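Q: Here is what each chain is made of, one letter per residue.
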Amino acid sequence: AQSVSQHNHHVILSEAASLELGCNYSYGGTVNLFWYVQYPGQHLQLLLKYFSGDPLVKGIKGFEAEFIKSKFSFNLRKPSVQWSDTAEYFCAVKNNQGGKLIFGQGTELSVKP
Amino acid sequence: GAVVSQHPSRVICKSGTSVKIECRSLDFQATTMFWYRQFPKQSLMLMATSNEGSKATYEQGVEKDKFLINHASLTLSTLTVTSAHPEDSSFYICSADGPGAGNTIYFGEGSWLTVV
Chain Z
704 AQSVSQHNHH VILSEAASLE LGCNYSYGGT VNLFWYVQYP GQHLQLLLKY FSGDPLVKGI
764 KGFEAEFIKS KFSFNLRKPS VQWSDTAEYF CAVKNNQGGK LIFGQGTELS VKP
Chain P
9 GAVVSQHPSR VICKSGTSVK IECRSLDFQA TTMFWYRQFP KQSLMLMATS NEGSKATYEQ
69 GVEKDKFLIN HASLTLSTLT VTSAHPEDSS FYICSADGPG AGNTIYFGEG SWLTVV
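Sequence order for the protein chains is Z and P.
With the first letter of the first sequence counted as 1, position 98 gets the number 801 in my numbering; the numbers rise by one all the way through.
With the first letter of the second sequence counted as 1, position 64 gets the number 72 in my numbering; the numbers rise by one all the way through.
If you're looking for bench data, these hints aren't it; they were derived computationally from the structure.
Predicted model only: the values in this text are computed from it and were never measured.
Possibly wrong hints are sitting among the right ones.
Stated by the list, open to error - Restricting the straight-line Cα-Cα distance to at most 20 Å, the calculated cross-link-like pairs of lysine to aspartate or glutamate (EDC-like) are: (1) Z/803 <-> P/95; (2) P/49 <-> Z/811; (3) Z/774 <-> Z/723; (4) Z/764 <-> Z/718; (5) Z/803 <-> P/67; (6) P/49 <-> Z/718; (7) Z/815 <-> Z/791; (8) P/49 <-> P/95; (9) Z/815 <-> Z/769; (10) P/22 <-> P/117; (11) P/74 <-> P/96; (12) Z/803 <-> P/60; (13) P/22 <-> P/96; (14) Z/774 <-> Z/718; (15) P/74 <-> Z/723; (16) P/28 <-> P/73; (17) P/63 <-> P/117; (18) Z/803 <-> Z/723; (19) P/74 <-> P/30; (20) Z/752 <-> Z/718; (21) Z/803 <-> P/96.
Stated by the list, open to error - Selected chain Z positions facing chain P (in silico; Cβ < 10 Å): (22) 728; (23) 739; (24) 741; (25) 813; (26) 815; (27) 816.
Glycine included, C-beta positions come from ideal geometry on N, C-alpha and C.
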């Protein structure tokens with residue numbers, strides 16, 4: 704069965720620190736990969752997505768993610784975080800069979816000013 | 009991006025009653041809609057997948073007679089929680105996919121259900 708694993712439950716950083724959130728998935732076929740962000744009290748918003756092509760994907764707000772097929776990973780990165788990046792981040796995978804979007808457990812990011 | 013809207017955003021109902029949550033795709037045809045449930049500080053749990061005009065497919069462990077899903081049109085899906093109990097209190101989120109969504113699944117704002 705398809706599954707998504709996010710390694711970090713809660714990450715605490717100071718402003719200007721670099722961020723990397725891990726995401727691994729288990730599915731042998733072709734997948735579409737997503738990172739969503741959920742700010743406190745708000746709904747999910749799409750940060751970035753990968754379907755094919757360049758494995759380094761750039762999203763909104765300075766975020767990027769790299770798809771490494773051999774490692775089944777899709778880690779999210781940002782060189783310098785801001786206090787406003789405090790939120791819950793979800794990695795999600797959609798396969799080409801049935802099209803269900805399966806989420807990881809989520810990572811809570813707290814950025815200290 | 010595409011817009012998905014849920015209504016109501018918050019609802020309180022008495023135990024034993026039923027409550028309906030609507031999910032609308034505002035600017036594209038949602039051939040498929042998904043319903044999720046999210047507990048505080050936890051991830052989204054997929055409850056069911058519905059394709060327009062057909063019966064919903066429920067995930068294992070989700071009671072289809074309790075969580076009735078209707079997807080009668082390309083822009084509207086409804087989730088009805090029947091005979092609600094306090095343990096049904098949760099954050100329910102819908103999402104939609106279809107032509108015009110750019111192969112991306114867009115989410116509604118979510119609906120907080122509190123059963124008292």
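Q: Does residue 816 of chain Z meet its interface restraint, that is, does its C-beta lie within less than 10 Å of any C-beta in chain P?
A: With a closest approach of 22 Å, the residue 816 of chain Z hint is violated.
Q: Assess, step by step, whether the Cα of residue 803 of chain Z is no farther than 20 Å from the Cα of residue 723 of chain Z, and give holds or violated.
A: Outside the cut-off at roughly 26 Å; violated.
Q: Would you check the hint for residue 22 of chain P and residue 117 of chain P, treating anything up to 20 Å between C-alpha atoms as holding?
A: 23 Å, violated
Q: Is the hinted pair residue 752 of chain Z and residue 718 of chain Z satisfied, with a Cα-Cα distance of at most 20 Å?
A: 25 Å, violated
Q: Given residue 739 of chain Z was flagged as interface, is its beta-carbon under 10 Å from a beta-carbon of chain P?
A: Holds, about 8 Å.
Q: Would the pair residue 74 of chain P and residue 723 of chain Z pass a check requiring their Cα atoms to be no farther apart than 20 Å?
A: 40 Å, violated
Q: Under 10 Å, Cβ to Cβ, is where residue 815 of chain Z needs to be relative to chain P, so tell me if that hint holds or is violated.
A: Violated - the Cβ of residue 815 of chain Z stays beyond 10 Å from chain P, reaching only about 19 Å at its closest.
Q: For the hint on residue 741 of chain Z, just tell me whether its beta-carbon gets within less than 10 Å of chain P.
A: 9 Å, holds
Q: Check the hint pairing residue 803 of chain Z with residue 95 of chain P against an upper bound of 20 Å on the C-alpha distance.
A: 26 Å, violated
Q: Between residue 63 of chain P and residue 117 of chain P, is the straight-line Cα distance small enough, at 20 Å or below?
A: Judged against 20 Å, a Cα distance of about 24 Å means the pair is violated.
Q: What's the verdict on residue 815 of chain Z and residue 769 of chain Z, does the C-alpha distance respect the 20 Å limit or exceed it?
A: 26 Å, violated
Q: Check the hint pairing residue 774 of chain Z with residue 723 of chain Z against an upper bound of 20 Å on the C-alpha distance.
A: 16 Å, holds
Comparing the model with each numbered hint stated earlier shows that hints 1, 6, 9, 10, 14, 15, 17, 18, 20, 21, 22, 25, 26 and 27 do not hold.
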